[in-house]
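Can you make the complete structure from the sequences, with help from the hints?
Take a look at the letters that make up each chain.
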Amino acid sequence: MKKNIILAGVGGQGILSIAACIGLAAIEEGLFLKQAEVHGMSQRGGAVQSHLRISSTEIASDLIPEGKADIIISVEPMESLRYLPMLSPDGLIITSINPFVNINNYPDLEIILHEIWKQPRYFTLDADAMAKECGSVKAANMIILGAATPFLGLKPQSIENAIRTLFKNKGDELIELNLKAKNAGLNYVNENS
Amino acid sequence: MKKLLLLGDEAIAQGAIDSGLSGVYAYPGTPSTEIMEYIQASGESKKLNIRALWSANEKTAMESALGMSYAGKRALVCMKHVGLNVAADAFLNSAITGANGGLVVVAADDPSMHSSQNEQDSRFYAKFSFIPALEPTNQQEAYDMIRYGFDLSEKMRIPVMLRITTRLAHSRSGVVRKAMKQQNELKLPDNLRQFVLLPAIARKQYRELLDKQHELQQLSEDSSFNYYQTGSDKSLGIIACGLAFNYLMENFSETPLPYGLLKIGQYPLPVEMVSKIYNDCDAVLVLEDGYPIVEELLKGTLNTGKPIHGRLDGAIPRDGELTPNIVAKALGIGFQAGKDIPGFLKNRPPRLCDGCSHSDAFLALNEAILTYGKGRVFSDIGCYTLSALEPLESINSCVDMGASITMAIGAADAGLVPAVAAIGDSTFTHSGITGLLDAVNNNSPITILILDNSTTGMTGGQTSSAYGKVEDICRGVGVKEEHIRIIKPLRKNHEENILIMKEELAYQGVSVIIPRRECIQTLNRRMRQQAKMKTFEG
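Sequence lines, in order, name chains F and U. So for the first sequence, the working numbering puts the first residue at 1; every next one is plus one. So for the second sequence, the working numbering puts the first residue at 1; every next one is plus one.
Calculated directly from the structure, the hints in this document are not laboratory data. Heads up, some of the hints might be wrong.
Straight-line C-alpha distance at most 20 Å; calculated DMTMM-like pairs for lysine to aspartate or glutamate [claimed, not checked]: (1) F:LYS155 <-> F:GLU173; (2) U:LYS181 <-> U:ASP151; (3) U:LYS346 <-> F:GLU115; (4) U:LYS339 <-> F:GLU115; (5) U:LYS212 <-> U:GLU272; (6) U:LYS204 <-> U:ASP222; (7) U:LYS329 <-> F:GLU28; (8) U:LYS346 <-> U:ASP413; (9) U:LYS3 <-> F:GLU115; (10) F:LYS2 <-> F:GLU66; (11) U:LYS346 <-> F:ASP108; (12) U:LYS532 <-> F:GLU173; (13) F:LYS2 <-> F:ASP70; (14) U:LYS2 <-> F:GLU29; (15) U:LYS187 <-> U:ASP211; (16) U:LYS469 <-> U:GLU393; (17) U:LYS3 <-> F:GLU29; (18) F:LYS2 <-> U:GLU154; (19) U:LYS276 <-> U:GLU296; (20) U:LYS2 <-> F:GLU58; (21) U:LYS346 <-> F:GLU176; (22) F:LYS138 <-> U:ASP340; (23) U:LYS534 <-> F:GLU173; (24) U:LYS532 <-> F:GLU176; (25) U:LYS212 <-> U:GLU254; (26) U:LYS532 <-> F:ASP172; (27) U:LYS534 <-> F:ASP172; (28) U:LYS339 <-> F:GLU173; (29) U:LYS502 <-> U:GLU393; (30) U:LYS339 <-> F:ASP90; (31) U:LYS2 <-> F:ASP70; (32) F:LYS118 <-> U:GLU154; (33) U:LYS3 <-> F:ASP70; (34) F:LYS2 <-> F:GLU28; (35) U:LYS339 <-> F:ASP70; (36) U:LYS492 <-> U:GLU367; (37) U:LYS263 <-> F:GLU29; (38) F:LYS3 <-> U:GLU154.
Only a predicted model underlies this, so the values are computations on that prediction, with no experimental measurement involved.
Okay, structure coming up:
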């Protein structure tokens, strides 16, 4: 088992929480893991990405080689396309369709979405609306994580345990909200596959 | 044994806690910041009473750590690569005083300049000062090397450098801990003149340091962090330093490596191993994440030996960090990249946060300075450096910590009057105070904005040494009371702030304007915590 995952978004959107959940789940299952994060200057509203690699055998590089990513998980539509050179020919894109517009020349959303829909495998989710339905728009990243779960090669229970561990200091209410959001993302993918 | 999921920085921190650490000294700087932060947040560290506070700058951190080493205890000092320039005087001389308690200096380099103004390679500093350097390949090795580094420092009685790069510092992986070691007892150096670098003593100790070099090299030959394995294909031998080893092995994860391999994790270079691989193979490829240091040593000035490939002959790009693909290209291994990035995609550079106090300060400055014209604002290292970019485009320099004030002095001396300096509160106490003293002594016609957001913002909101002290420091240094102006950078104060700036720009002497409003990030964090406390209390 070996999965190369690119996590994409804008600084402050919570991609590191997604990474942490997958990481905790992988460690619980006794898998090897490497996860390269972006800290520092780019976190100030810039494009950020994380390379996440999980495997049943030892992993050499912290960085995924070009063309070897199995999945791009993105919480922002334009950012999902920034890492296409990393994606393998049969790779999967899972992304939110909700743009994060903090630049003047943000492209037309239609053009972005049509480009994503041209890719061989994708799921595009209205994560903000789905998260709102679950209770808070802040759980949009968990919607996206949920949509990715069937493709991570990890047990559903490990992901759930990871969410409980990650948010354990933030109260039961928030744990339940995040689990609900994760399940909503998962259901969407199951219904649309 | 259970693995901890740790960043490279955190592995170093945990490794130090487990190795009998008594104190850590540091100034925040990407990618080194998380080492101190981890130790500060660690419950174990608190129980063990490990000293873990931010220093005013890397030089004071280095000197304090040297003091703890003098007293016989294990001290860690952490900084980003350019921080080592600030600490260089203390660092180089610490090699001559030598250590008493174990002293490890972590230098975190930033090839590709993800968050820095250069990509200097700290291994040069280790060579320059004649001390050993350790360069981990992964998080576990980083953890193990800290323990080894402290032991090595005490055995050889000199400081040891641990050199990492951004990719390791900020990458997470599983780490297995070792048994906890007790802290050292307080113990003075056997020779109470060891740390007195009077010329007569320094000459003697410098010779002793030189005499240690042979043994240090022998230790590198015997180190488990260095090894040589021969290959079936003699056409090439590969020397892989630190992280470069990973990128090499990534390309041979499914097929065995046919070439000879020398993996380097400890310096000075193991010369016998280097000569073995050189003699065994027809050519050598050197992979190092940073400057071509090993490559240059091998090549020599005349380059009359076997072909040596690397950054100097273009096999590897001359600058920037390594990747698995760069290594693949150097080895002639083909790979299939994914699709190109669509042409309509736009860059998303970092920017000041919405509601940032610096934005309001620079919007006012942009207007106040209009009468004098653009191109006269010298700035510094911090979030506010982003004001060089659109939409503000306010500043014209960013060189090194503290250079804003002193560059403004020089420019004013040349006739650029008024010259303006813009520096953050934490950068001001890091390296700005002495520059301000120069300005006062020169009576320079400069206006200095000390942008006081009450934190070290860029690195994530660490305690600023300047907190609550900025105007007192300015007064103490000799800035006239009537030219220390504190303003609140808010939209509603915009016109008033412009007027104050105009007044001070017109003044033919040193004036300090302190735009003071808390960093929006630390403010929000504090508000969230307060709300949480209220919920618990309610």
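Here's how the hints hold up against the structure:
no.	hint	in the structure
1	F:LYS155 <-> F:GLU173	violated (24 Å)
2	U:LYS181 <-> U:ASP151	holds (11 Å)
3	U:LYS346 <-> F:GLU115	holds (14 Å)
4	U:LYS339 <-> F:GLU115	holds (12 Å)
5	U:LYS212 <-> U:GLU272	holds (17 Å)
6	U:LYS204 <-> U:ASP222	violated (28 Å)
7	U:LYS329 <-> F:GLU28	violated (36 Å)
8	U:LYS346 <-> U:ASP413	violated (42 Å)
9	U:LYS3 <-> F:GLU115	violated (41 Å)
10	F:LYS2 <-> F:GLU66	holds (16 Å)
11	U:LYS346 <-> F:ASP108	holds (11 Å)
12	U:LYS532 <-> F:GLU173	holds (13 Å)
13	F:LYS2 <-> F:ASP70	holds (9 Å)
14	U:LYS2 <-> F:GLU29	holds (12 Å)
15	U:LYS187 <-> U:ASP211	violated (25 Å)
16	U:LYS469 <-> U:GLU393	violated (29 Å)
17	U:LYS3 <-> F:GLU29	holds (11 Å)
18	F:LYS2 <-> U:GLU154	violated (42 Å)
19	U:LYS276 <-> U:GLU296	holds (18 Å)
20	U:LYS2 <-> F:GLU58	holds (16 Å)
21	U:LYS346 <-> F:GLU176	violated (37 Å)
22	F:LYS138 <-> U:ASP340	violated (32 Å)
23	U:LYS534 <-> F:GLU173	holds (16 Å)
24	U:LYS532 <-> F:GLU176	holds (18 Å)
25	U:LYS212 <-> U:GLU254	violated (43 Å)
26	U:LYS532 <-> F:ASP172	holds (14 Å)
27	U:LYS534 <-> F:ASP172	holds (17 Å)
28	U:LYS339 <-> F:GLU173	violated (42 Å)
29	U:LYS502 <-> U:GLU393	holds (19 Å)
30	U:LYS339 <-> F:ASP90	holds (11 Å)
31	U:LYS2 <-> F:ASP70	violated (28 Å)
32	F:LYS118 <-> U:GLU154	violated (62 Å)
33	U:LYS3 <-> F:ASP70	violated (26 Å)
34	F:LYS2 <-> F:GLU28	holds (16 Å)
35	U:LYS339 <-> F:ASP70	holds (14 Å)
36	U:LYS492 <-> U:GLU367	holds (15 Å)
37	U:LYS263 <-> F:GLU29	violated (31 Å)
38	F:LYS3 <-> U:GLU154	violated (43 Å)
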